[in-house]
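**Student:** Once you have looked at the hints, place chain B on chain A.
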Amino acid sequence: MFISVNNVSKTYRMDKVEIQALKNVSLGIEAGDFICLMGPSGAGKSTLLHIIGCIENPTEGDVIIHSSNVKKMKDKTLSLFRNAHIGFIFQSFNLLPVLTVYENVEYPLMIRGKKVDRGHVESVIESVGLQDYMKHRPDELSGGQRQRVAVARALVTKPDIIIADEPTANLDSKTGDKIIDLLLDLNRKSNTAFLFSTHNEAVSKYAKRIIHILDGELQD
Amino acid sequence: MATIVIGMAALLVFSGNNTYLFKTMREHFVITQFGHFQIYEKGYVENGRDYPFDYLIKDYSNVSEELKKIPHVKFVAPRLSFTGLISGDKMSTAVMGIAGRPEEEKLMDPDSASNGSFISSDDPSGIVAGEGLLKKLSGSPGDSFTIMTSMKGGGINGMDAVVKGIRKGYGEFDQLGKMFVLADIDRVERLLNVGNSAGSLIVMLDKTENTGSVETAVRALCSKMGLEYKRWDQLAVFYKSVRAMYDMNMMVITIIILAILVFIIANTMSMNLFERIREIGTIRALGTTRMKVAKIFLAESVLIGVIGSIAGTALGLLISLFINSIGGIYHQPTMYSPAGYYTLIEPDIGSTLRYIILLIIVAVGAAFATARKAAKMAIADALRWI
Numbered sequence: 361m362f363i364s365v366n367n368v369s370k371t372y373r374m375d376k377v378e379i380q381a382l383k384n385v386s387l388g389i390e391a392g393d394f395i396c397l398m399g400p401s402g403a404g405k406s407t408l409l410h411i412i413g414c415i416e417n418p419t420e421g422d423v424i425i426h427s428s429n430v431k432k433m434k435d436k437t438l439s440l441f442r443n444a445h446i447g448f449i450f451q452s453f454n455l456l457p458v459l460t461v462y463e464n465v466e467y468p469l470m471i472r473g474k475k476v477d478r479g480h481v482e483s484v485i486e487s488v489g490l491q492d493y494m495k496h497r498p499d500e501l502s503g504g505q506r507q508r509v510a511v512a513r514a515l516v517t518k519p520d521i522i523i524a525d526e527p528t529a530n531l532d533s534k535t536g537d538k539i540i541d542l543l544l545d546l547n548r549k550s551n552t553a554f555l556f557s558t559h560n561e562a563v564s565k566y567a568k569r570i571i572h573i574l575d576g577e578l579q580d
Numbered sequence: 053m054a055t056i057v058i059g060m061a062a063l064l065v066f067s068g069n070n071t072y073l074f075k076t077m078r079e080h081f082v083i084t085q086f087g088h089f090q091i092y093e094k095g096y097v098e099n100g101r102d103y104p105f106d107y108l109i110k111d112y113s114n115v116s117e118e119l120k121k122i123p124h125v126k127f128v129a130p131r132l133s134f135t136g137l138i139s140g141d142k143m144s145t146a147v148m149g150i151a152g153r154p155e156e157e158k159l160m161d162p163d164s165a166s167n168g169s170f171i172s173s174d175d176p177s178g179i180v181a182g183e184g185l186l187k188k189l190s191g192s193p194g195d196s197f198t199i200m201t202s203m204k205g206g207g208i209n210g211m212d213a214v215v216k217g218i219r220k221g222y223g224e225f226d227q228l229g230k231m232f233v234l235a236d237i238d239r240v241e242r243l244l245n246v247g248n249s250a251g252s253l254i255v256m257l258d259k260t261e262n263t264g265s266v267e268t269a270v271r272a273l274c275s276k277m278g279l280e281y282k283r284w285d286q287l288a289v290f291y292k293s294v295r296a297m298y299d300m301n302m303m304v305i306t307i308i309i310l311a312i313l314v315f316i317i318a319n320t321m322s323m324n325l326f327e328r329i330r331e332i333g334t335i336r337a338l339g340t341t342r343m344k345v346a347k348i349f350l351a352e353s354v355l356i357g358v359i360g361s362i363a364g365t366a367l368g369l370l371i372s373l374f375i376n377s378i379g380g381i382y383h384q385p386t387m388y389s390p391a392g393y394y395t396l397i398e399p400d401i402g403s404t405l406r407y408i409i410l411l412i413i414v415a416v417g418a419a420f421a422t423a424r425k426a427a428k429m430a431i432a433d434a435l436r437w438i
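Just so you know, the sequences run in chain order A and B.
With positions in the first sequence counted from 1, the corresponding number in the numbering used here is that position plus 360.
With positions in the second sequence counted from 1, the corresponding number in the numbering used here is that position plus 52.
Some clues are possibly wrong.
[As the list claims (entries may be wrong)] When the alpha-carbon atoms are kept at most 27 Å apart in a straight line, the in silico DSSO-like pairs for lysine-lysine are as follows:
id, chain 1, residue 1, chain 2, residue 2
1, A, 376, B, 120
2, A, 431, B, 347
3, B, 282, B, 259
4, B, 428, A, 434
5, B, 347, A, 474
6, B, 120, A, 436
7, B, 94, B, 204
8, B, 428, A, 436
9, B, 347, A, 432
10, A, 495, A, 434
11, A, 436, B, 220
12, A, 475, B, 220
13, A, 431, B, 344
14, A, 432, A, 495
15, B, 121, B, 344
16, B, 276, B, 94
17, B, 425, A, 432
18, A, 495, B, 344
19, B, 344, A, 434
20, B, 142, B, 220
21, B, 428, A, 431
22, A, 432, B, 428
23, B, 425, A, 431
24, B, 75, B, 142
25, B, 110, B, 120
26, A, 434, B, 347
27, A, 432, B, 344
28, B, 347, A, 475
[Claimed, not checked] Chain A side only, calculated, beta carbon under 8 Å to chain B, not exhaustive:
id, residue
29, 410
30, 435
31, 448
32, 454
33, 456
34, 467
35, 471
36, 548
Hints were generated in silico from the structure; no laboratory data involved.
Every residue gets a Cβ at the ideal spot worked out from N, C-alpha and C, and that includes glycine.
For reference, chain B alone in the conformation it holds in the complex:
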């Protein structure tokens, strides 16, 4: 029983840690990169990469207003992507930028918003630059640069850009940070000569859990207005691959724990059987059938599984409460996260119930051989057992 208790507690704590990690990661990607939905002009998903100017959402304000009417929609942020060259006194380098409305961009990039100042509608020339880009340009907040890019219809255009804030990256491996720029969408619309257009509309909901219920309305609206959309989970390729890796880790650990449990339970039940051989002979002599004897052992294993997994759940919850009360589990800095970070334990009901059922099945499975052996025992041999 103790083995099941400890095994269940371990599974609960480990999966709870993963749940917190995934949730935090998910919200980070949703808030800072994808939103819950991205709305595009029809055809953009297939052809927009090659012909971006042909698949812009024109007069997007109308679409935004319609989207804001959908329940659970918190805000809608227009986005326009651009590429070009950024030049300073000392050098020029490639730039990959996004343009948006400062009010909404601030909500989607709270870290940058607190690093120096941010872009503002009052000062359309302001930009937020990636940490790696500024380092390349030997620049700092307050410095002026020129951004040049191709326009719609051909030709080159440029704009003055003053660095207002820095977007912190994750060290040497942050390739995007070496090219990133965030600018005001009105200014970039003029730079690209696209009028009142957006490449995409980022739809942010009040809770990620409402994605499913909102999708129907988004789909209907896109169909009506000649648009298309993608959900955050269709865009978050990196998140999904990380999640898949952690899920695999979790599965391996679960298998190892279950294998240990099977071995220990089978061993314990086997020893239990030896101690009860004469008892089995007695109850068989009194008229208990083979099937009933097997059922007795299996019922005991179910009981062990149920009590053990419930007790394990309680222990796991206590451990979770303790870890959360001391601030969580510290993770060392990684190449994607130069500063260390803490994760809490967030057990979820679905996983907990799954593990309880799994442990009961394992307990019964482990006892199966013993139950069979007990049932097949010859009565006279069992009665003679010393």
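Chain A on its own, in the form it takes in the complex:
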């Protein structure tokens, strides 16, 4: 188990009101897992994904990734750790609008400060079927194409896990299915784990494992 979530709780303080988004959540993720996190809006799916993705710290509990407790890492170390081990796919794609498809996919590698292998970037773009769109900007692409760019960007660093927060929510069902098929295909070809959230039952059927969450607690 390369990711271990141990008794994680998350409380948000809004003025004098406390909201407990997660309550004592524990789970383990293996290499190559394809996990769907299901629950209604406000269940705590995004919070859990953010904590596993190391972009938010738990109020209590620990997240261990490759034997490292990420809660104890300083920001600079954590940023580089994220870049090396975790890929992200967002609901609204979150592509950088001034960059081309190639430049968007290349960006996570440029953060490392080393010379970028152009061939590798192009092969990743090819793996999501966008080889003819490398010089296009995001506003020239359809929703499905933009999400493919986001998938390529998540894959380019060869992460151990890709976290996708409702990756098909902004797509029509047909396009959404294609994206999930793509993620499955990539999961089969590489040993990258996929953890994605949805409240769509139709999408969840593709997962190897389904984790239900309600009011901040895992139901399984």
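**Tutor:** Then chain B, alone, in the frame of chain A:
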């Protein structure tokens, strides 16, 4: 960016106008009053005012010849000052005069030289009188007066003086013009009984910019010959005080422009930040560090500062060219300048570079708070931003 462009152009044009004004004023004072250097007998600076006859440069021709050998020296003019009384048919009044060689005095007072005629070696009794003095005496060119003064060794002496030309003053407030007389130095030497002596030697260079390089040679010569000297900028007290006032004005205007720029840039960067919050969350999630995020914003502000100030320089130069092509900026008559005058725009490289650097610093400074805010943003909050 537009604000920086306009601000830079404004600074360039305004400072260029000041540069032209100061240069013109400087050259006016140098040419008409001080020269680039004034050479005196040793001790004159401290005691010459009280005991003028004891601190004259005797046989100054020798000194003049040595001075003329220094590179960049255009000419050397001997000067002798005197005070006394000038009397006409109707009244007498005090006079403060200078005596010099007509050829050199003509070069140093071109306006007077073109107002009627001028003093001449052929007619040592000729004088140029201040406009205010002639008005007081109810005189005009061609009229004769008598100048009386104390001589060296005691006693009173007098000379006949015929007004050849008028030195135009600046109206009611020209106190010197109400007492001024310019006369031939040979005639005044006899009047004062000082022999072949001068109170000072005015050294005129080919360019004011050569003052620094010539000073070493002047200093060495004075040391060798028992003389002392002053540079024009040590004598031009009025010029320096006017310059200081304009410099202060320029500084205030610069501060105001920079303050406006800081406010506008900070506001723009802040709005920019709001539009890019989710983008910041994304790049942070992908592994960009806080420091890198801050650097992105600061780098953008440097770019805005550089491009804006260069574009502003170009705009300022275009405006300068236009203003100069239509004859310059007209200034209304003042008490020191009864006729109006025009000033051109003369941008200088030093000031331009200083303003470019200043604007870049201001742009970075204005963006600093925004850069810090962007860097400190929580990733999850940024990603949730709508």
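**Student:** Given the hinted pair residue 436(A) and residue 220(B), is their alpha-carbon gap at most 27 Å?
**Tutor:** Violated, because 76 Å separates the two Cα atoms, which is more than 27 Å.
**Student:** Is the interface hint satisfied for residue 548(A)? The criterion is a beta-carbon contact with chain B at less than 8 Å.
**Tutor:** Since the shortest Cβ distance to chain B is 25 Å, the answer is violated.
**Student:** Does residue 495(A) pair with residue 344(B) here, judged by a C-alpha cut-off of 27 Å?
**Tutor:** holds, 26 Å
**Student:** Quickly compare the C-alpha distance for residue 347(B) and residue 432(A) to 27 Å and report which way the hint goes.
**Tutor:** Holds, at about 25 Å.
**Student:** Under the criterion that the straight-line Cα-Cα distance not exceed 27 Å, is the pair residue 428(B), residue 431(A) satisfied?
**Tutor:** Holds, at about 18 Å.
**Student:** Quick check on residue 435(A) please, does its C-beta sit within 8 Å of some C-beta on chain B?
**Tutor:** holds, 6 Å
**Student:** Given the hinted pair residue 142(B) and residue 220(B), is their alpha-carbon gap at most 27 Å?
**Tutor:** Answer holds: residue 142(B) to residue 220(B) is near 22 Å, not above 27 Å.
**Student:** Would the hint linking residue 425(B) and residue 432(A) be met if the CA-CA limit is 27 Å?
**Tutor:** holds, 24 Å
**Student:** Run the distance test for residue 428(B) versus residue 436(A): straight-line Cα separation, threshold 27 Å.
**Tutor:** Roughly 12 Å separates the two Cα atoms, so the pair holds.
**Student:** Below or equal to 27 Å on CA atoms is what counts here, so check residue 432(A) against residue 344(B).
**Tutor:** Judged against 27 Å, a Cα distance of about 21 Å means the pair holds.
**Student:** Would you mind confirming whether the straight-line C-alpha gap from residue 347(B) to residue 475(A) stays at or under 27 Å?
**Tutor:** Distance of about 20 Å is within 27 Å: holds.
**Student:** Between residue 347(B) and residue 474(A), does the CA-CA distance stay at or below 27 Å?
**Tutor:** holds, 18 Å
Of the hints listed earlier, those the structure fails to meet are numbers 1, 6, 10, 11, 12, 14, 15, 24, 36, in rising order.
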